[in-house]
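K.L.:
Take the sequences, apply the hints, and build the full model.
Each chain, letter by letter, is given below.
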Amino acid sequence: MWSFKLEAKNSLRTKKFWLTIVLISLVYVIAFREIKDNLKATTNLQGVLTFSLIGYILASAFLFIGLYVLILGATSINGDLENGTVQISLSKPVNRIQYLIGKFLGQFVSIIVALLFATLLSLVITRYYSISITVKIISDLTIANALTLLSMLQLLALGLLISTFIRSQNTAISVVLILFLVTGLVAPQIVDSMAKDRAREEFHIKTPEDAMKMPVEERNKYHQRQIELQKEYHLRYLFYIPQVLLEDIVIDMQRTTFIKGKIRTEYIRAWDAIKNNPLRVSLLVGLTLVYLIMAVFRFVRMDLR
Amino acid sequence: MLRIENLIKIYKDIRALDGLNLEVKEGQIYGFLGPNGAGKTTTILSILGMIFPQKGRIEVLGEEVFNGKFDEEKLIKVKYMIGYMPEDATLWDFLTPMQTLDIIGEAFKMSKAERQKRSEELLKLVGLWDVKDKKVGKLSKGMRQRLLLAQALINDPELLILDEPMSGLDPKGIAEFKELIRQFNKEGKTVFFSSHILAHVEEICDTVGVIVKGKLRAQDSLDNIKKEFLRRAGHTILIETNKPIHIDLEGVKVEVIGTNKYRIITSKDVREELHDLIAVQNAKILTMQIKEPSLEEIFLKMIE
Ligand SMILES: Nc1ncnc2c1ncn2[C@@H]1O[C@H](COP(=O)(O)OP(=O)(O)OP(=O)(O)O)[C@@H](O)[C@H]1O
Ligand SMILES: [Mg+2]
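Taken in sequence, the protein lines are chains B and S. Oh and the first sequence: position 12 is 22 in our numbering, straight run, nothing missing. Oh and the second sequence: position 220 is 244 in our numbering, straight run, nothing missing.
No lab work stands behind these hints: they were computed from the structure. Fair warning: there could be bad hints in the mix.
Each computed BS3-like pair below joins lysine-lysine, with the alpha-carbon atoms no more than 27 Å apart [claimed, not checked]:
1. S:K49 - B:K15
2. S:K251 - S:K196
3. B:K25 - S:K158
4. S:K251 - B:K26
5. B:K15 - S:K101
6. B:K216 - B:K241
7. B:K19 - S:K98
8. S:K98 - B:K25
9. B:K26 - S:K98
10. S:K292 - B:K15
11. S:K49 - B:K19
12. B:K19 - S:K251
13. B:K15 - S:K98
14. B:K25 - S:K165
15. S:K156 - B:K25
16. S:K101 - S:K49
17. S:K133 - S:K148
18. B:K15 - S:K251
19. S:K159 - B:K25
20. B:K15 - S:K136
21. B:K19 - S:K292
Values in this document were obtained by computation on a predicted structure and should not be read as measured data.
P.N.:
The structure is reproduced here in structure tokens:
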């Protein structure tokens with residue numbers, strides 16, 4: 011696909027891409043310090059480390075790659091229209107659909123590079139703590155990365171769709187920033203507090219003291235129910251926010267059980283977390299396809315000027 | 025080579041093309057002339073399938089690419105034989121002229137060796153050889169304009185479509201550009217280019233189409249357009265006599281523009297009759313001036 015090569019080159023050399031890389035590095039500077047404390051408190055070194063590293067990949071993805079990807083997507087078609095390159099490209103024997111998909115995949119390359127970079131930093135940290143890099147760590151990190159990639163792909167497709175609707179790049183960026191704030195912070199906050207309210211109701215908790223007075227066993231149950239409800243509500247109200255879906259899948263990589271008042275954290279293989287969340291994974295993939303098809307549909311009948 | 029029939033394009037509420045008809049024959053250099061907003065770019069983008077007209081028919085290089093809707097397959101097929109230079113577009117500023125031509129050659133599925141050879145040729149032809157490895161973003165506007173032309177020629181097209189190609193070029197650039205077009209045309213290739221400046225098309229085009237408000241006002245050689253204009257608008261004769269006269273000739277309009285000065289507007293040659301008429305009134309012609317409108321004036325009149 012002709013436009014693939016062009017776009018891959020293009021997206022790798024933009025300022026926003028390099029800014030993203032720098033910001034990811036910053037996340038790992040923080041990660042480095044935090045992991046040190048976490049490791050002190052545990053005997054399950056590998057498990058804790060893997061889980062924290064996955065956590066940091068996700069954090070850098072949510073915070074920076076996600077924003078980068080949305081902006082990248084949201085300024086793609088309108089950007090080409092603004093500078094007229096789309097007219098050059100499509101005056102050649104290049105099909106519109108191929109052009110769009112090639113562009114999409116080309117932009118995807120820069121996301122892969124950014125994620126690989128984040129993973130590489132994770133592995134460096136692992137080595138630093140002289141924890142041997144096992145097949146398990148590698149495979150778990152790979153799976154976490156693949157999942158992250160899926161959700162980034164969804165954001166990219168959404169951005170692309172937005173770029174076929176909003177003619178001005180600057181307007182599109184503002185829209186995307188607002189979208190990112192609302193879906194990344196505000197909406198999850200509201201939904202989570204809804205879930206907590208519901209849990210309180212179920213356990214007849216009216217004041218914070220009520221919770222304190224609960225027997226330990228009961229309190230653990232209450233906390234577990236809270237998490238359960240949150241995940242349920244996420245699926246119901248926030249199924250279109252890939253970060254939220256992803257987070258809920260990753261939570262399942264760690265199982266916390268309460269046995270006789272003692273908290274036990276087990277680390278499950280990442281693959282099992284995927285198997286336990288088929289609906290979430292299919293939403294990650296499915297919505298991407300929906301956005302992409304909508305973008306293609308718009309693009310092939312658009313006046314390009 | 026190119027035939028457009030009854031093309032209608034409405035953007036929301038603006039009728040940009042209002043039943044446009046035009047025909048470009050093989051081997052012509054066709055100047056597509058019209059004021060700003062007349063619909064030149066709209067026409068060109070329709071030919072290339074970049075925008076969707078509501079009605080009409082477009083035939084390019086023997087293929088009916090549009091008849092109410094575009095035929096995607098035919099469109100791709102003819103694009104192999106078309107070169108297009110857009111109006112005020114930028115190319116990818118992170119590539120060099122060499123890389124730009126290379127990647128565009130790739131879109132035509134040219135082999136690496138072919139692309140290399142053709143890019144070299146073209147860069148020398150348009151005078152960009154010295155800056156072939158400079159980033160396009162760092163080139164001057166005129167240089168970018170030349171690169172835009174070069175990219176349109178990469179596939180050695182049969183039909184070259186240029187949208188305001190000479191804007192942004194200095195006089196030397198314009199002269200070189202015209203020479204390039206002539207060279208290209210000598211190989212039997214067809215050129216279709218738009219402009220709102222008459223001087224740009226004057227010496228170089230054999231046929232001119234004038235578009236006004238989405239309709240074709242005239243389409244002919246400049247000579248014929250002029251004759252036709254004179255036939256319809258008439259010649260202007262200015263005379264000065266030694267005493268007041270009265271002119272009463274059929275089909276002739278007379279205005280008094282000063283003491284014993286008259287402007288006579290006529291569609292046929294009335295010089296002799298005028299002489300006789302004035303002699304009969306015992307007057308003498310002191311000066312007689314035949315005013316022929318310049319092409320520029322004709323063009324301005326046409327687009328009014
Ligand atoms: N995207 C658009 N939306 C709405 N109207 C448009 C759009 N593009 C062009 N027009 C209108 O269509 C008409 C024809 O525009 P067009 O660009 O084809 O003219 P032009 O002859 O190329 O002019 P110029 O010499 O300025 O390049 C104009 O009235 C213009 O305002
Ligand atoms: Mg124009």
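K.L.:
Please go over all the hints and tell whether each is borne out by the structure.
P.N.:
So, going through the hints one by one against the coordinates:
no.: 1; hint: S:K49 - B:K15; verdict: violated, 38 Å
no.: 2; hint: S:K251 - S:K196; verdict: violated, 32 Å
no.: 3; hint: B:K25 - S:K158; verdict: holds, 20 Å
no.: 4; hint: S:K251 - B:K26; verdict: violated, 61 Å
no.: 5; hint: B:K15 - S:K101; verdict: holds, 23 Å
no.: 6; hint: B:K216 - B:K241; verdict: holds, 23 Å
no.: 7; hint: B:K19 - S:K98; verdict: violated, 31 Å
no.: 8; hint: S:K98 - B:K25; verdict: violated, 40 Å
no.: 9; hint: B:K26 - S:K98; verdict: violated, 39 Å
no.: 10; hint: S:K292 - B:K15; verdict: violated, 66 Å
no.: 11; hint: S:K49 - B:K19; verdict: violated, 41 Å
no.: 12; hint: B:K19 - S:K251; verdict: violated, 56 Å
no.: 13; hint: B:K15 - S:K98; verdict: holds, 25 Å
no.: 14; hint: B:K25 - S:K165; verdict: holds, 24 Å
no.: 15; hint: S:K156 - B:K25; verdict: holds, 24 Å
no.: 16; hint: S:K101 - S:K49; verdict: holds, 19 Å
no.: 17; hint: S:K133 - S:K148; verdict: holds, 22 Å
no.: 18; hint: B:K15 - S:K251; verdict: violated, 54 Å
no.: 19; hint: S:K159 - B:K25; verdict: holds, 16 Å
no.: 20; hint: B:K15 - S:K136; verdict: holds, 15 Å
no.: 21; hint: B:K19 - S:K292; verdict: violated, 67 Å
Checked against the numbered hints listed earlier, the structure breaks hints 1, 2, 4, 7, 8, 9, 10, 11, 12, 18 and 21; every other hint is satisfied.
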